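Q: In case you want the letters, here they are:
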Amino acid sequence: MYHVLSAHQFDRNQLNQLFRMAEIMEYTAANGGSNLLNGKIMAALFFEPSTRTRFSFESAMMRLGGKVISTENAAQFSSAIKGETLEDSIRVISSYADLIVLRHNEVGAATRAAKVSAVPVINAGDGAGEHPTQSLLDLFTIQKELGSIDNIHIAMVGDLTYGRTVHSLSYMLSRYENVTISFVSPENCPIPQKVKDFLEEQGVTYYEEDDLQTVAEKVDVLYMTRIQKERFPSGEEYLKAAGKYVIDQNVLDRMKQHAIILHPLPRAGEILPEVDEDPRAAYFRQATNGVYIRMALLAYCLGDKRAEAEMEALSKVMG
Amino acid sequence: MYHVLSAHQFDRNQLNQLFRMAEIMEYTAANGGSNLLNGKIMAALFFEPSTRTRFSFESAMMRLGGKVISTENAAQFSSAIKGETLEDSIRVISSYADLIVLRHNEVGAATRAAKVSAVPVINAGDGAGEHPTQSLLDLFTIQKELGSIDNIHIAMVGDLTYGRTVHSLSYMLSRYENVTISFVSPENCPIPQKVKDFLEEQGVTYYEEDDLQTVAEKVDVLYMTRIQKERFPSGEEYLKAAGKYVIDQNVLDRMKQHAIILHPLPRAGEILPEVDEDPRAAYFRQATNGVYIRMALLAYCLGDKRAEAEMEALSKVMG
Amino acid sequence: MYHVLSAHQFDRNQLNQLFRMAEIMEYTAANGGSNLLNGKIMAALFFEPSTRTRFSFESAMMRLGGKVISTENAAQFSSAIKGETLEDSIRVISSYADLIVLRHNEVGAATRAAKVSAVPVINAGDGAGEHPTQSLLDLFTIQKELGSIDNIHIAMVGDLTYGRTVHSLSYMLSRYENVTISFVSPENCPIPQKVKDFLEEQGVTYYEEDDLQTVAEKVDVLYMTRIQKERFPSGEEYLKAAGKYVIDQNVLDRMKQHAIILHPLPRAGEILPEVDEDPRAAYFRQATNGVYIRMALLAYCLGDKRAEAEMEALSKVMG
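Keeping their order, the protein sequence lines are chains C, G and E. Going by the UniProt record's numbering, the letters in the first sequence line up with residues 1 to 319, in that order. Going by the UniProt record's numbering, the letters in the second sequence line up with residues 1 to 319, in that order. Going by the UniProt record's numbering, the letters in the third sequence line up with residues 1 to 319, in that order.
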């Protein structure tokens, strides 16, 4: 049985396989979907609401012919209120479904769930912990857009202290050759020391920089993140931080022609709408890629011999 | 790409086609449904809850073989809280689904959504704006029940100031020949001047009347609406207005034998239960028609050549 | 048309048939599900949240090829707020779905719903009233685990005053031969007099006992229930009651080798995790059986001639 708990569980070879599978899934989705997971049921168990992530997983399951049982807000509605442990909830729900997608507010929840589940568990975010499918779709998007993840220079911009995606992505990028990272953040939310320590150990070159304009000129990927209002002591301080780094036409004009702008979304003003029409604005394509990555993961966790054969056949069709 | 944003977008010829398609859909539903939209996904994106409307759309989609991703209360749960614009939400969700059904509390939301969506958008109510599928099912029900919408006399009764359905229906009826409308409302919620102006421009005969008993004797359609408690300054005033027009056995006894009673539902006392068993009580059949109209609209927005061919074939079978 | 409103509507012969059907359903589920209810729609109408029960019904419907429209919290979201009666809601929703699963906080709600519904209604719990599918899965589990429900000694332990499942199960057990019941509860939540009166009328032997250790040695079934915090005047009193009867390794050591432990779940400390690995801990298998019982009931309410034929064929395959 195969669980998806952390982006770190994938080595570079597995990432390559996954991204190839995601490409096959894109082809599948564009051609009317598949019956690969016909008869299978996915439980979307969201202890905190995230309509976007839930929809992405549910869409992925349905594109493969599967069905979905779903709760928008398990914390409010479920047996949790009656004092039931996560472990008991998972034991029961794993007898209703063939796979569980779990979103939870506590770090480590998905790992605890996997220990007792009778079916595969996919981590759809565990508090300040991990959100592996987001990291995987980020990497997949870079590869699709630029052709390779080796030899790139990426800037990560915004709230680098609390931004879970930024940490995961930094760790994952160390698997690739000759990656350079520029961290650009307001003073009160820098990249944590432990991430820098890790990158140094791995021999990844990184810089902490202040001027987005200069950085924009030299990078292949500009990875923007939202400044999270709820982190700041006052509205005034939030606005100062939030307004500091904004991608507008000026920034765009400085960027390389082949470079791309990514964002895990939702955004809240840090990328102006005037940027959306530029072909380098890749953030909506990035969201779309999330469905293909999740289709690939679902097929991987739930697929059987028939699934493998179908994947192989499709791979040949696509050439 | 075809959006359904307003009832007004349909001319009389298109309405005829739609109602014919809805009849085919009724036949389809009664015979085990169809695979017309097999492999398609509808997103039900409800920023305010409306279980009834949501269920009607979801049922319509499923009767045609499609699948559904759904949120009961997007305003509370979604990225909207994090400051995301409706436009961004729609851009992302339109990469998860093949069609979006949008319920929103702001006038014009569906039109804004359609501008950025990569897939068709159906307006399922935008605040005080429009609720086109309700108007379409109202008209379809009149045609089914009476055989024609031309040459009818219809009374609209209840809260005519705030009742969105009454305004839309008035506008739509001007497309038909020789329609007469009697508006019957408590003094504090009359039909707005702008609706009257429109009807005068279009040459539609209308009356403002006070006595439901007299009106009941002469109309072909009695369209009741709920007095909305939340509109009134005090509970006492509400009760005075709410109690003024009630359909009971007395009113029924005065009505023509071929006449029908409609109501967009939910009702709250303005039609007594004793009326339900009378064959002229058409309001539950009206709700059922909502599924057929929505099946027709979904097929129209999502169908392809195969769908057209199947519709044509079914049309011949039905004679 | 067949409704499931009360466990009492099933006589012993019907229970035997139902349990046979549930076994066939278990076989079906283990072999990729069925298309028996293809094209059918179930409405899960939950006026109070119960993720577990809802998931179990939805999973059952999907395992049989059916589709689901669902609301997690109809009381908060639906037309009920606008003053609509349950009867009107049911009339409308029964035109959207082929079957309604109703959870409601008022006793008798399911029976009221069945009176006006155009489609079968299954009671998924009506307040302090009944929860028939829970009782049926309890009985089914005993039969599966022990081979028979006749000649058993069962202990019911915990909150016996408010525990709805314990009352229903007591009534249902009177249908079987030579059943003995031991009631074990804290002083402030004993089994009600009316249940005892009923058992006396039916000639069922029962005891009220105090010492779980002694009882554990002699029973075939230990049916634990949760002490419900909200019932007690103070936290201290709750803890006293809650802590009084706990199944741990000591209790387990005293139990017969063939005996089983059941629990309707969720639990909140009255069975220690150390018990879970023992083969006599049957409560998670019991939850799984809920899906098979619900599949059987759905097939019974919605199935046609083809369904009957398929059931018969499967029955032969299974021997």
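Hints in this document: simulated from the structure, not taken from any laboratory. Note that the coordinates shown come from a computational prediction; the quantities given were computed from them, not determined experimentally. A portion of the hints provided could be inaccurate.
[As the list claims (entries may be wrong)] Dumping the calculated SDA-like pairs for lysine to any residue here, alpha-carbon to alpha-carbon at most 25 Å:
(1) E:82 / G:48
(2) C:244 / C:210
(3) E:82 / G:175
Q: For every hint, state whether the structure bears it out.
A: Each hint, compared with the structure:
no.: 1; hint: E:82 / G:48; verdict: holds, 14 Å
no.: 2; hint: C:244 / C:210; verdict: holds, 10 Å
no.: 3; hint: E:82 / G:175; verdict: violated, 32 Å
Violated hints amount to a single one, hint 3; each of the other numbered hints is respected by the structure.
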